[in-house]
Structure formats: C-alpha cells, structure tokens
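Below are the chains, spelled out letter by letter.
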Amino acid sequence: DAGVIQSPRHEVTEMGQEVTLRCKPISGHDYLFWYRQTMMRGLELLIYFNNNVPIDDSGMPEDRFSAKMPNASFSTLKIQPSEPRDSAVYFCASSRDGPYTEAFFGQGTRLTVV
Amino acid sequence: AQSVAQPEDQVNVAEGNPLTVKCTYSVSGNPYLFWYVQYPNRGLQFLLKYITGDNLVKGSYGFEAEFNKSQTSFHLKKPSALVSDSALYFCAVRDRGSTLGRLYFGRGTQLTVWP
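Protein sequences appear in the order of chains G and Z. Numbering-wise (my numbering), the first sequence opens with residue 183 and increments by one. Numbering-wise (my numbering), the second sequence opens with residue 284 and increments by one.
Partner residues aside, some chain G positions facing chain Z, computed with beta carbon under 7 Å:
#: 1; residue: L225
#: 2; residue: G288
#: 3; residue: Q289
Sample of chain Z residues facing chain G (criterion: CB under 7 Å; computed from the structure):
#: 4; residue: Y315
#: 5; residue: F317
#: 6; residue: G326
#: 7; residue: L327
#: 8; residue: F329
#: 9; residue: K332
#: 10; residue: I334
#: 11; residue: F388
#: 12; residue: R390
Everything labelled a hint here was simulated from the structure, so no lab data went into it. Glycine included, C-beta positions come from ideal geometry on N, C-alpha and C.
Work out the full structure: start from the sequences and follow the hints.
Structure (structure tokens):
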C-alpha cells in the first residue's frame with residue numbers, strides 16, 4: 183500500500199481565496215483524521231471520521247473550515263475564505279477500527295496564506 | 284478528560300549515550316499509549332504502542348518504552364543514541380474505555396543527538 187496520500191504537498195494562496203486539501207486514506211481503514219500543526223499550538227485534531235461519518239468536529243477552528251468524506255477513499259478539508267493565521271502544516275491520518283490501533287500519517291500539506 | 288504531557292521541549296544527548304524522552308498521561312480509564320516520530324518535512328511515523336501485558340514495549344529502530352501505571356508515565360528510551368535519531372517525538376494516548384477513536388497528542392519533544 184502507498185500509505186496515506188495527501189495533495190498538494192505545498193500550497194501558497196492569497197488571503198480570501200478558497201483552499202482545498204485532499205487526502206486518500208489507506209484502503210481498509212475505518213478512521214480518518216485531519217490534524218493541523220503549528221509551532222505555537224503543536225498538533226491539533228481538527229475533525230475525524232468513522233466509516234465516512236464525521237464523529238467529532240469540535241477542533242474545527244471556525245465556520246471557514248469544512249471537511250467532507252464522500253467515500254471511503256477520499257476526504258477534503260476546505261478553508262473558505264483563507265486567512266494568514268491558517269498557515270500551517272495540515273496532516274491527514276487513517277487507522278483501522280479499534281482503539282488500540284495506530285494511526286498512519288500522510289506527508290502533510292504545507293499551507294501558506296499571504 | 285484525556286491529556287498528554289511531555290515536560291521537556293528539548294532533549295540533547297551525545298551519540299552512544301542512553302536517551303529518555305518523558306511522557307505522562309491522564310485518562311479517565313485505562314490507556315492505550317503510543318509514540319510517534321517526526322523527521323523534518325515529514326508526517327508522523329508510528330514507533331511503538333502499549334496495549335496490555337508486559338510493561339516494557341519494544342518498537343522500531345531500537346526504541347523501547349516503559350508503561351508505569353502508578354506514575355501514569357510512558358517514557359521512551361533507547362540504550363545508545365544515534366545522530367539519525369534526531370527528530371521530533373510525540374507521545375499519544377487513547378482511553379481504553381472510550382468508544383471514540385480520538386488520539387490525544389503531547390506537544391512533542393525535540394531530540395537532538397550530537398556526534
């Protein structure tokens with residue numbers, strides 16, 4: 183398996199623009215997580231899905247952020263409109279069912295909003 | 284509420300010396316515990332986990348971690364550090380009794396191993 187695949191790897195956009203980050207989880211994994219990493223806040227869980235259903239989105243910073251998982255092999259995280267404070271590395275991760283299972287992370291998308 | 288604390292932002296050690304990266308946790312029930320490593324410009328990679336049984340868990344790249352229930356700790360160790368071990372290390376916990384899949388991560392500890 184190729185692992186968790188995220189695209190793009192890097193994204194530079196202007197403030198106010200819409201940004202869409204994409205993730206393909208590992209086949210057979212039931213959980214999908216979106217994290218954001220910054221120097222100030224460390225690693226933050228934004229939202230996670232179980233069997234394509236959002237379970238906990240309490241970490242989503244505000245209404246500008248939205249996430250979808252239309253099927254088991256694809257998820258998106260959208261920011262509209264983007265702001266400079268959204269600049270961060272965004273990670274997608276997936277895991278099998280079961281609380282004892284480890285999560286596998288993608289390589290991340292480095293987002294810069296200017 | 285679940286939480287993880289990594290009390291040291293940075294750990295420096297000479298190559299060949301033993302290393303320890305500390306982690307303490309708080310969960311309402313019993314924990315599942317994990318260590319991850321992050322190299323520059325990469326995602327997190329799983330190192331090892333504690334589920335049950337032997338308190339000493341062995342993982343990838345010669346790392347091991349010891350679960351101590353009374354001290355609610357899960358420190359990462361390696362007998363002999365390598366320069367290539369230099370990276371950011373994250374401890375994570377999941378409540379065994381929780382039906383939810385959420386992992387709680389610490390803030391990370393930057394390990395630097397100098398030659």
